[in-house]
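Visitor: From first to last, the protein sequence lines are chains V and D.
Here the first sequence is numbered in the numbering used here, starting from 766 and rising by one per residue.
Here the second sequence is numbered in the numbering used here, starting from 5 and rising by one per residue.
Source of the hints: derived by calculation from the structure; they are not laboratory data.
No experiment lies behind these values; they were computed from the predicted model shown.
Any given hint could turn out to be false.
Simulated restraints, written as ranges between beta carbons of each label pair [said to hold, decoys possible]:
id, chain 1, residue 1, chain 2, residue 2, range
1, V, 892, D, 61, 53 to 61 Å
2, V, 803, D, 97, 30 to 38 Å
3, V, 1060, D, 274, 54 to 62 Å
4, D, 291, V, 872, 46 to 54 Å
5, V, 1088, D, 252, 38 to 46 Å
6, D, 186, V, 1063, 51 to 59 Å
7, D, 179, V, 999, 44 to 52 Å
8, D, 179, V, 1060, 56 to 64 Å
9, V, 999, D, 277, 51 to 59 Å
10, D, 126, V, 900, 52 to 60 Å
Built from N, CA and C at the ideal position, the CB exists for glycine as well.
What follows is the residue order along each chain.
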Amino acid sequence: MALLDVIRLTKFIGTVEVLRGINFQVGTGELVAILGASGSGKTTLLRLIAGFEKLNGGEIRLGHELLAAASFAKPPEQRGIGYVAQEGALFPHLCVADNITFGLSRIERKARFRVAELLALVGLPGHYADRAPQNLSGGEQQRVALARALAPSPKLLLLDEPFSALDAGLRVETREAVARAIRAAGATAILVTHDQEEALSMGERVGVLQHGVLAQMSTPEELYHRPASPYVADFVGDAVFCPGIAEAGRVHCALGALTLAAAGLTGPVSVMIRPEQIRLGSAGALNAVPALLKDVAFYGRDAVVTLGLEGALAGDVTARVFSQAVPPPGAKVWLTVEGKVVAYPAPVSGAGTEAAMT
Amino acid sequence: MLATGSKLMTVPRRPNPGLLVAGVAIAILVLLPIGVTAGNAVAAGWSLAVMLLWRPLTGELLTNTLLLIGCVTVACALIGTGTAWLVERTDLPGRKLWGVLAVVPLAIPAFISSYAWLSLDSSLFSNFGGALLVVTMSYYPLIYLPVAAALREMDPALEETARALGNNTRQVFLRVVLPQLRPALLGGMLLVALNTLVEFGAFALLRFRTFTTAIYAAYRAGFSGAEPALLAMVLIALCIACLVAEQLVRGTARYGRLARGTRAAATRYSLGKARIVAPVVLAILGFAALAVPLGMIGYWLTKTGNAATTVAASDWAAVARASWASVRLGVGGAALTMALALPLGMLATRSDGWLVAVLERAAYLAQGVPGIAVALALISLTVHDLHPLYQSTFLLLLAYSVLFLPLALVSVRSALMQAQVRLEESGRSLGLGRLAVLLRITLPLAAPGLGAAAAMVFIAITTELTATLLLAPIGTQTLATQIWANTSTVAFAAAAPFAAAMAVMSMLASWLLARRFGAASVLSIAHGAV
Chain V
766 MALLDVIRLT
776 KFIGTVEVLR
786 GINFQVGTGE
796 LVAILGASGS
806 GKTTLLRLIA
816 GFEKLNGGEI
826 RLGHELLAAA
836 SFAKPPEQRG
846 IGYVAQEGAL
856 FPHLCVADNI
866 TFGLSRIERK
876 ARFRVAELLA
886 LVGLPGHYAD
896 RAPQNLSGGE
906 QQRVALARAL
916 APSPKLLLLD
926 EPFSALDAGL
936 RVETREAVAR
946 AIRAAGATAI
956 LVTHDQEEAL
966 SMGERVGVLQ
976 HGVLAQMSTP
986 EELYHRPASP
996 YVADFVGDAV
1006 FCPGIAEAGR
1016 VHCALGALTL
1026 AAAGLTGPVS
1036 VMIRPEQIRL
1046 GSAGALNAVP
1056 ALLKDVAFYG
1066 RDAVVTLGLE
1076 GALAGDVTAR
1086 VFSQAVPPPG
1096 AKVWLTVEGK
1106 VVAYPAPVSG
1116 AGTEAAMT
Chain D
5 MLATGSKLMT
15 VPRRPNPGLL
25 VAGVAIAILV
35 LLPIGVTAGN
45 AVAAGWSLAV
55 MLLWRPLTGE
65 LLTNTLLLIG
75 CVTVACALIG
85 TGTAWLVERT
95 DLPGRKLWGV
105 LAVVPLAIPA
115 FISSYAWLSL
125 DSSLFSNFGG
135 ALLVVTMSYY
145 PLIYLPVAAA
155 LREMDPALEE
165 TARALGNNTR
175 QVFLRVVLPQ
185 LRPALLGGML
195 LVALNTLVEF
205 GAFALLRFRT
215 FTTAIYAAYR
225 AGFSGAEPAL
235 LAMVLIALCI
245 ACLVAEQLVR
255 GTARYGRLAR
265 GTRAAATRYS
275 LGKARIVAPV
285 VLAILGFAAL
295 AVPLGMIGYW
305 LTKTGNAATT
315 VAASDWAAVA
325 RASWASVRLG
335 VGGAALTMAL
345 ALPLGMLATR
355 SDGWLVAVLE
365 RAAYLAQGVP
375 GIAVALALIS
385 LTVHDLHPLY
395 QSTFLLLLAY
405 SVLFLPLALV
415 SVRSALMQAQ
425 VRLEESGRSL
435 GLGRLAVLLR
445 ITLPLAAPGL
455 GAAAAMVFIA
465 ITTELTATLL
475 LAPIGTQTLA
485 TQIWANTSTV
495 AFAAAAPFAA
505 AMAVMSMLAS
515 WLLARRFGAA
525 SVLSIAHGAV
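Put together the whole structure using the sequences plus the hints.
Guide: Written out as structure tokens, the structure is:
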């Protein structure tokens, strides 16, 4: 039985329909990430679940209880849903301990109920209890905000881009600490983010929100390797698209004859290949396709190479390869594709093969 | 978030010796009134001092003053915060207009409001209630402005988080909003207290006895300089206590905003049925704070030639002469004040050291000396020893400069900060000399701020009553002195044209200032003009 049930959710802001018939469920103890570009409606979705805004259509249910419908909205303070705002929103006039116990009863506040336990849970030392929020780093503030949201044992926890304001290094560290704490607390949580790496690494399931529509919701692996649409494929990672002809579980394209992840598609298609699936090999390799190495961008561990394909299907593709033993620009290389690929029905109007390539 | 601004300069910058000498001289000048007043008080001798201070009059004055201050401060806090909440946080209809109307009373001097209420019914308002009403209606913007700004700056995520943690609207206000308003609210309340403490004209007209009016009466009685000086010392002590408390509130209790990113607009609460009541309450407030003062002036303007116009039958030529005198004094005073503020500002922004810090503090301390004390000190200094200065225009301008130097200094300081030393150094490295740097970099960058400072001092001077009344040379009649003279003799119709001219001038200048530099600049006039 799902804990949270979001049914045909619709929301207008002014005359703009920012959420269009959103359906999804979150199971007890699950951590779901909602991934979307800015303006996709992801923050609005979270605010509707928290109760800060009113919806225009559909329903939100928690357990068996109706939280919101077109004509009904339970006040946020009665929902029992924890909320961690973008930059933590710690109360600047209260110390860490008073922040953490803010949502508890007066007696529990006096007794600093569970403060030490919660600080330990989010990976902060116990002596932080008396510190002022101003004296914490951004990452520490986020952890305290999480501890504060967890203190009243909410049925559901909402995290609104909690790491977006942090520096790159701190972000990974804080993200891991937060994920650990949520799992240790056994909390059910929804995380909203625009960072695909964050969504894929934290979410047990990830939903992609595209202009107010939930384009796909599945496990991170499924989302990355078998995206439901070219938009999702492009949004969750780098993607190389090239035109091809599908037939009997295989597809023929500029990169050779490749195996499809899902059979059933026949005729002209657009093939999606992840850059790291493309390998540089030697002339003798099976199914290898010749190409000219045009450019190398060095990223440390990896390098992204631009490859010019030869022959009738000429065009450029990019590949992400280990940076060791990358031939110099101008070299002739042979390409192979590792693993299965995904294909989408080709657009009817056919904007030209060249344009479809990256 | 910790402040991460890296300090560019770690080497202490030595002050320019010429500037330092000028700065010391200016600081001595500014502290002169306190010194003279203290000297006169001490000269009275211990036994006389005890006799003069230890009597029922002092007790009555203290009770009157403190009780009034307490009531005014609380009333202003309630009205100011309530209005700010309605304007910033609810779906109040016409909130932009109400927001403007809540600031306009700042441009109407309290003694003009007291004139208006008195002329409505001189017996009904000549008491504690009248004083409370007039001063509250004049000073509640001093709370409204900082509290509204604090409400605007507050991160809405704090309130949302508090709600998600199980608090209803009322609990959120008490546990999250109010604690964060505290610095703005307390600072505003102390500012109201300070303004009430030094207000003279309004109380004198309303025949309500406070320290300022008692000092004036003692001076007029003219037996000795000891009594006014002793009373003035008590008043100065109260003022400085307010000032220090205000600095403490400002300095320590400001909660830095934790969030750095862009924020959503603040949540507006639905007023529900109160949506009809709230505008009515605000309309009553606007009526008392604006419609009565301006309406009464308008009413009396139509009564010229009436029996009420007796003592100083005014004609428009007299109004023009008085306006011109006010403007002249305003321009002269602003120029002199700026001339004194610039060296101090340069020292404060371009050099370090304990002496510079002391000089700056001294200038701000002058804020704790009310106009009546400055005026009486300058009189007692010049009446015997420096007689050529006595009753000279220069002495009056000097009094203005001492009174409004703190006001000018705040703006001059921030204006000179605009022209960062970094930029001046870039100029030097591009081959400009010191003078060229001053003309081509420092002044163009600081000019708007310096202009604002001069404009604020100008407005403050043209609406100033106490020092003008005591120090104006014989024959110099300004708008303020004419309003005073006519109202004191119950010639309300005669006072009306002068009051109208002052109200128009002050509101126009304040409006121009606010449009260019924001409403906060009008607030700082009230802050500096105490």
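Visitor: Evaluate each hint against the coordinates.
Guide: Right, here's what the structure says about each hint:
1. V:892 with D:61: 53 to 61 Å: holds (58 Å)
2. V:803 with D:97: 30 to 38 Å: holds (33 Å)
3. V:1060 with D:274: 54 to 62 Å: Since residue 1060 of chain V and residue 274 of chain D have Cβ atoms about 59 Å apart, the given range 54 to 62 Å holds.
4. D:291 with V:872: 46 to 54 Å: Because 48 Å falls inside the window, the suggested range holds.
5. V:1088 with D:252: 38 to 46 Å: Given about 60 Å between the Cβ atoms, the range is violated.
6. D:186 with V:1063: 51 to 59 Å: holds (55 Å)
7. D:179 with V:999: 44 to 52 Å: Given range 44 to 52 Å: holds, Cβ gap about 46 Å.
8. D:179 with V:1060: 56 to 64 Å: holds (59 Å)
9. V:999 with D:277: 51 to 59 Å: Holds, since residue 999 of chain V and residue 277 of chain D (Cβ atoms, about 52 Å apart) stay within the stated range.
10. D:126 with V:900: 52 to 60 Å: holds (59 Å)
Going down the numbered hints, you'll see the structure goes against just number 5.
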